[in-house]
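A.B. asks: Top line first, the protein sequences correspond to chains A and B. Take the first sequence: its letters are residues 0 to 493, numbered as in numbering that gives the first Met the number 0. Take the second sequence: its letters are residues 0 to 92, numbered as in numbering that gives the first Met the number 0.
Hints listed in this document are in silico derivations from the structure and should not be mistaken for laboratory results. Beta carbons: idealized from backbone N, C-alpha and C, even for Gly. Treat the hints with care, as some may be off.
[Said to hold, decoys possible] A few chain B residues that don't get close to chain A, going by computed Cβ distances all over 12 angstroms: (1) 62; (2) 64; (3) 82.
[Said to hold, decoys possible] Stretch-level coverage of chain A by chain B, calculated; a stretch enters the list once three of its residues show a Cβ under 8 angstroms from a Cβ in chain B: (4) 53-67; (5) 311-325.
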Amino acid sequence: MHHYTIAELMTSLRNKEFSSVELTQHYLERIKQLDSQFNSYITVSSEQALLSAQQADQALTKGSASDLCGIPIAHKDLFCTQGTLTSCGSKMLSNFVPSYNATIVENLANAGAVSLGKTNMDEFAMGSSNESSFYGTSKNPWNTDCVPGGSSGGSAAVVAAQLAVATTGSDTGGSIRQPASFCGLTGLKPTYGRVSRWGMVAYASSLDQAGPIARTAEDAAIMLNAMASYDDKDSTSVDIDKPDYKASLNDSIKGLRIGVPEEYFQDGLDNDVATLINAALAEYEKMGATLHPISLPHTHLAIPAYYVIAPAEASANLSRFDGVRYGYRCDDPKDLMDLYKRSREEGFGDEVKRRILVGAYALSAGYYDAYYRKAQQVRRLIKQDFVDAFTQVDVIAGPVAPNPAFGIGEKSNDPVAMYLEDIYTLPTNLAGLCGISLPCGLSSDNKPVGLQLTGNYFAEAKLLNVAHQFQQHTDHHKKTAPISNASNKLNSNK
Amino acid sequence: MKHDDINALAHLARININDDLLDNITDNINSILSLVDQLQQANTDDVEPMYHPLDATQRLRADEVTETDKREALQANTPATEAGLFLVPQVIE
């Protein structure tokens, strides 16, 4: 049962091959047997999942079921889930149980999806490897000596290990696309403002966006249909028409103009990755698309701009964690200052502290113009590069990351080396565009590599169509991680 | 930056950095600042800063009460409360 995509499960459930309760029990059993290998879940919500599954089965019988009815998913642990621990991968929130659901959680629940639990992540979404989690690093199901990527590492590992059909993630600098790439999955970052951020613990408010991680573009489209909405409660939510993201999946891509930025194919790009990306582009030409060399001249400034803007916004967003109203509080505070300083010292991990300090510096008197304001000016230049490119091409293609998944511990002692991982994904967040990662093959040491497509503002339907067409002509996305075989005992003929 | 600078910053950010971590964090932050100094190469004359990808402005709503009292539910996560108030160490003598 765990081999099926959402699209396939929709048919099976309606044909009564099995029920949502049976499907959910199957996944819960798999999680029990296998997740110790991957540490991809922080919380498993068995009782709630089975209750939701029962309700889903009733809706399926009545014939009033939407696409996601009865489908087992999981949520990244920075989305507030009513009555269920929401830790953000941090000691600071290791005791935090929200009294409400984030809008995307509510949207998916209303669509009938069954939430199996909350997934592991880099602490407060700051990281590219899942290694900064208070709950320990998550492991890549393709190679457990390697990271699953981050910060939505747990969400990616869950889907790659087939411990849920699809998951939600968040992407501020690449945190959906890069783990999707490292784990052989399809991950989408929508346009800024497309998906509500209400109830999503904030890292960098002008960059954060929630999105799906799934096995196919079609599944990602089904998830986005439920996730995306205009939300009054999120003042950055954009009130724009929402298409049916499935409706145009099969549109022809003959004549599609694909921009290939020269800056994305320079030094530092692993040979295997370059080879696979070029092969994918050749495949698109066979499908009738045309390739156009373009330039995004300010690409090299994306990393410095991001590592000013994101920490600055994070330092403001994380100032609410002060031990007073919720979250971790240190023992025996001597006075208020001691309460603040020790709660935050003990509650936050090192990477979070680094980013808060860098952010505070960038915003401080005397430095604001040179750092924060300068970075925001550069941000406009980066956006302008894309706006210019999109007058000539329909989508932009390139790698997601400079390399496949790296080893656990390989970069964790060198923050700047870790930051360089994000070079191809950051520009999309800075400009607020939409981007998708889809599998395009395995490296010479059997690790997945993702192709990145970047689309214009609110062009998710086009992006999903272009991704789906690739998946109709290739089978990279069908390959699954070699999970050790305890699961075979659970697997009947399904 | 030197240790004193980091400690001053840590005070502003209300985080203790203990001595064990201070060396490491000072080095890390200096590396990060070298990285971001590349921004100074960019010519940004006459470029407006972009704080929001779509240059949106803050949406306003009518000044009407829409929220209900959820204090009990929200304070379920509070370390120390009394009579609906948040308790902290004494602030005023």
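A.B. asks: Would you mind marking each hint as holding or not holding in the structure?
C.D. replies: Taking the hints in turn, this is what the structure says about them:
With a closest Cβ-Cβ approach of about 15 angstroms to chain A, residue 62(B) is found to remain outside the 12 angstroms limit, as its non-interface label requires. The Cβ of residue 64(B) lies farther than 12 angstroms from every Cβ of chain A, with a closest approach of about 15 angstroms, so its non-interface assignment holds. No beta-carbon of chain A comes within 12 angstroms of the beta-carbon of residue 82(B); the shortest separation is about 15 angstroms. With 0 residues having a beta carbon nearer than 8 angstroms to a beta carbon of chain B, the region 53-67 of chain A misses the requirement of three or more and the stated coverage is violated.
Interface restraint, the region 311-325 of chain A with chain B: holds (7 residues with C-beta to C-beta distance below 8 angstroms; minimum three).
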